[in-house]
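Enquirer: So the chains spell out like this:
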Amino acid sequence: MSDGVSTGAVNRLQPHFATPAQQYETATFGMWVFLVTEIMFFGGLFTAYLMYRIQYADAFAHASEHLNITLGCFNTVVLIGSSLTMALAVHSARMNKSKSIVFWIALTMILGSIFLGVKGYEYHHKWVEGLFPANWFFQAPDAPRQRIFFSLYFAMTGLHATHMIIGMGIMIYISIQALRGAYTSSWYTPVEVMGLYWHFVDLVWIFLFPLLYLIGLH
Amino acid sequence: MEATQDRVTYINAGHTVRSWLLTIDHKRIALLYLVSITFMFLLGGMMAGAIRLELLTPPGDLLDSDTYNKAFTLHGIIMIFFFLIPSIPATLGNFLVPIMVGAKDLAFPKINLLSWYIYIIGATIGIIATLTGGLDTGWTLYTPYSTAFATTNVILPATGLFITGFSSILTGFNFIVTIHKMRAPGLTWFRLPLFVWAQYATSLVMVLGTPVIAITILMVILDRCGFGIFDPKAGGDPVLFQHLFWFYSHPAVYIMILPAMGVISEVIPAFTRKKIFGYGFIAASSLAIAIIGFLVWGHHLFTTTQSMYAATVFSVLTFAVAIPSAVKVFNWAATMYKGSVSFESPMIFAIGFMGLFLIGGLTGLFLAILGLDLHVQDTYFVVAHFHYIMVGGAIMGYMAGLHYWWPKISGKKFPEVPAKVAALLIFIGFNGTFFPQFIAGYAGMPRRYHYYPPEYQVLNVLSTMGAGILGIGYLMPLCYFMWSLKYGEDAGKNPWGVLGLEWTIDSPPHPHNFHTTPIITSDPYDYPEMAEALGAHTGHAPAEVAHV
Ligand code: HEM
Ligand SMILES: [Cu+2]
Chain X
3 MSDGVSTGAV
13 NRLQPHFATP
23 AQQYETATFG
33 MWVFLVTEIM
43 FFGGLFTAYL
53 MYRIQYADAF
63 AHASEHLNIT
73 LGCFNTVVLI
83 GSSLTMALAV
93 HSARMNKSKS
103 IVFWIALTMI
113 LGSIFLGVKG
123 YEYHHKWVEG
133 LFPANWFFQA
143 PDAPRQRIFF
153 SLYFAMTGLH
163 ATHMIIGMGI
173 MIYISIQALR
183 GAYTSSWYTP
193 VEVMGLYWHF
203 VDLVWIFLFP
213 LLYLIGLH
Chain F
-15 MEATQDRVTY
-5 INAGHTVRSW
5 LLTIDHKRIA
15 LLYLVSITFM
25 FLLGGMMAGA
35 IRLELLTPPG
45 DLLDSDTYNK
55 AFTLHGIIMI
65 FFFLIPSIPA
75 TLGNFLVPIM
85 VGAKDLAFPK
95 INLLSWYIYI
105 IGATIGIIAT
115 LTGGLDTGWT
125 LYTPYSTAFA
135 TTNVILPATG
145 LFITGFSSIL
155 TGFNFIVTIH
165 KMRAPGLTWF
175 RLPLFVWAQY
185 ATSLVMVLGT
195 PVIAITILMV
205 ILDRCGFGIF
215 DPKAGGDPVL
225 FQHLFWFYSH
235 PAVYIMILPA
245 MGVISEVIPA
255 FTRKKIFGYG
265 FIAASSLAIA
275 IIGFLVWGHH
285 LFTTTQSMYA
295 ATVFSVLTFA
305 VAIPSAVKVF
315 NWAATMYKGS
325 VSFESPMIFA
335 IGFMGLFLIG
345 GLTGLFLAIL
355 GLDLHVQDTY
365 FVVAHFHYIM
375 VGGAIMGYMA
385 GLHYWWPKIS
395 GKKFPEVPAK
405 VAALLIFIGF
415 NGTFFPQFIA
425 GYAGMPRRYH
435 YYPPEYQVLN
445 VLSTMGAGIL
455 GIGYLMPLCY
465 FMWSLKYGED
475 AGKNPWGVLG
485 LEWTIDSPPH
495 PHNFHTTPII
505 TSDPYDYPEM
515 AEALGAHTGH
525 APAEVAHV
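Residue numbers (our numbering), protein chains in the order written: chain X, 3 to 220; chain F, -15 to 532.
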């Protein structure tokens, strides 16, 4: 961890901090505070979901049957895998291996892209089936309630996907920096902070998957 | 006293436009915010003027109902989201928090600049929306009106609000991290000035509440695009929107008032030359307000489908939130008691704050009574209540702070006499505008109509006249602050002769604030006890004992 004396960290010290240790703690603490706001951000949607889920339990269960559990499972595995590769990227930084940082981040991005690709396929399918709320032509006794389910489905997974895309944008930047040798074992705060963010995004999916895909199962 | 021109200050450190627009100095960013929110305040003020002129006479003659709806909607949105929420935190807070914790800057200077750009983008979208048809849903954006029925373009202004929210989140985020991690050696939590405590509590609300309104607005935008989250036709629940909206918007009123309370907690001991009474209680009450403030939103839903049990709990909790507010007022009063109070302009604003906040807070208790609220909900009584808090309280506090720290910010003194006149005009004009609205509202005049039965006219004429006086009062500081920039005397380090880390550094400060990192060894507000001070210094603490 940051030992506060090594040269890499000293070179990186911004003028308004007293010590590298302070700078490091500030950055990681900042990321945690940011993640708290993210929890509240998703929290609003989860609250809306839970209220309707309680009110319209049957309609939600029926609507959920239109989701493809196999694809959902597959994506869950892919995303958990990407958390692993991200953790390995941070580990490589700690071990002072710039090349393997780039390797693991690239792998994380590939897994992220697979996830998004599958998600896009699922979206397309829902669109064709007439299950996209703005393009709704689905008919069933409880179709209007199901439309609420799909409104929330698209809002929640869409927001999640947006977070992934932003994360992958940041990964591109970090890989370029890593290629230039910016990160050493004494200073790799951006890689670590990026890792925290990515794990958070994965964690959101761990909640989304059962809430959206599995409620029809008993 | 050294001349300002001879040394580097944050103001003369660069003269190009670029050096201002790309600055990461928290003091310059504070000024960028100051200019931007002042502009928005004038814009919102113009809308208010239009509303008051319309209400001068009972028939709807000046504005038609559509235009009137747009006027009060935009007035509310601009004043709340683009002026009052950023007001004290983004200007005075930005300027002072790093200095008061003895740091060279906020924890994340670039994010600080980013927050201003986000604000500007949001505000620009808001202004474009205003010019291209406006918005008529009320600042509350209630569904299904905003999603299914509004004839104006809801998506554009809602996008502006969504974006602006992130500037607020980033400011709060920056303050929290700064206060945790950037304090100077020796500056323990209980040596922090109360202004910093207030900013900390405010930041908690910003960071925890704003994301919720952001996501709620996003859901409104999606509904407007054909989703059905709040659509009653599909079984959606508009009251759910109200819950989510007020989950943020009640705490948001504390984003507006807590920083003002922080300012008052600085100004009162300064002009009383006395240690503040009950430091711990004031600090803790800020946190208590921030926390309990998250549990009372249901008092905006007393007349909806909310269950009566929920309503009872919300009513009791609303009473509870008044307790920490009252603790502060009692502590300020106790500080002034037997102090050597001097009535410089910041102090006059502070005393005005106390009076107006008291009325606003107490009428809030009326509204928290379930039965009474049924009678006055959606009348001018509510309008008067929240203006007493937000305009009478928060803006008075903002004014007190601007006057108190202006010499530090600009390095210049402003003339006292017009400042005192302005304080008086604002106090009189404010009461003239809003006190009659309590009466009109209690008598049944509903809000958000552009015509009314003739029996309310006398009260409305009084109100419009008061607004005229208030407007003049608000314009005056603009004039003498500008004047002072050119003609004002140099302020020196400590023109008021008061304590506080910020008064030990140059005015205007060096870009890095401190030449050497300060080491804090004493409490803030360590004014020598009255008797001693009166002997040698006619009640003014000498600058040397300053809080270092
Ligand atoms: C001192 C404690 C306070 C109490 C007990 C209190 C109580 C209430 C209650 C019960 C209502 C709902 C009235 C209704 O809609 O029928 C209300 C409305 C309101 N309050 Fe307060 N309040 C307090 C402080 C504040 C503060 C500090 C602010 C702002 C800085 C504020 C701003 C507002 C606003 C904006 C509304 C009405 C919004 C609307 O419906 O458009 N209040 N207050
Ligand atoms: Cu409230």
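Please keep in mind that the hints were generated in silico from the structure rather than gathered at the bench. Glycine residues also receive a C-beta, built at the ideal position from the N, C-alpha and C atoms. Wrong hints could be hidden among the right ones.
Rough simulated footprint, nothing fancy, chain F against chain X, three-plus residues with beta-carbon under 8 Å [stated by the list, open to error]:
| id | stretch |
| --- | --- |
| 1 | 48 to 57 |
| 2 | 145 to 154 |
If you want the ones that stay clear, here's a sample from chain F, every Cβ over 12 Å from chain X, calculated [unchecked claim]:
| id | residue |
| --- | --- |
| 3 | SER3 |
| 4 | ASP89 |
| 5 | ALA168 |
| 6 | GLY476 |
Enquirer: With reference to the structure, classify each hint as holding or not holding.
Expert: We went through each hint and held it up to the structure:
By the rule of at least three residues with a Cβ nearer than 8 Å to a Cβ of chain F, the coverage given for the stretch 48 to 57 of chain X holds, with 5 such residues. Restraint check on the stretch 145 to 154 of chain X versus chain F: 6 residues with Cβ-Cβ distances below 8 Å, three needed, restraint holds. In this structure F:SER3 is separated from chain X by more than 12 Å, as the shortest Cβ-Cβ distance comes to about 17 Å. For F:ASP89, the condition that its CB be more than 12 Å from all CB atoms of chain X is violated, with the nearest at approximately 4 Å.
Not every CB of chain X is more than 12 Å from the CB of F:ALA168 (nearest about 9 Å), against its label as outside the interface. The Cβ of F:GLY476 lies farther than 12 Å from every Cβ of chain X, with a closest approach of about 26 Å, so its non-interface assignment holds.
Violation of the numbered hints given earlier is confined to hints 4, 5; the remaining hints are satisfied by the structure.
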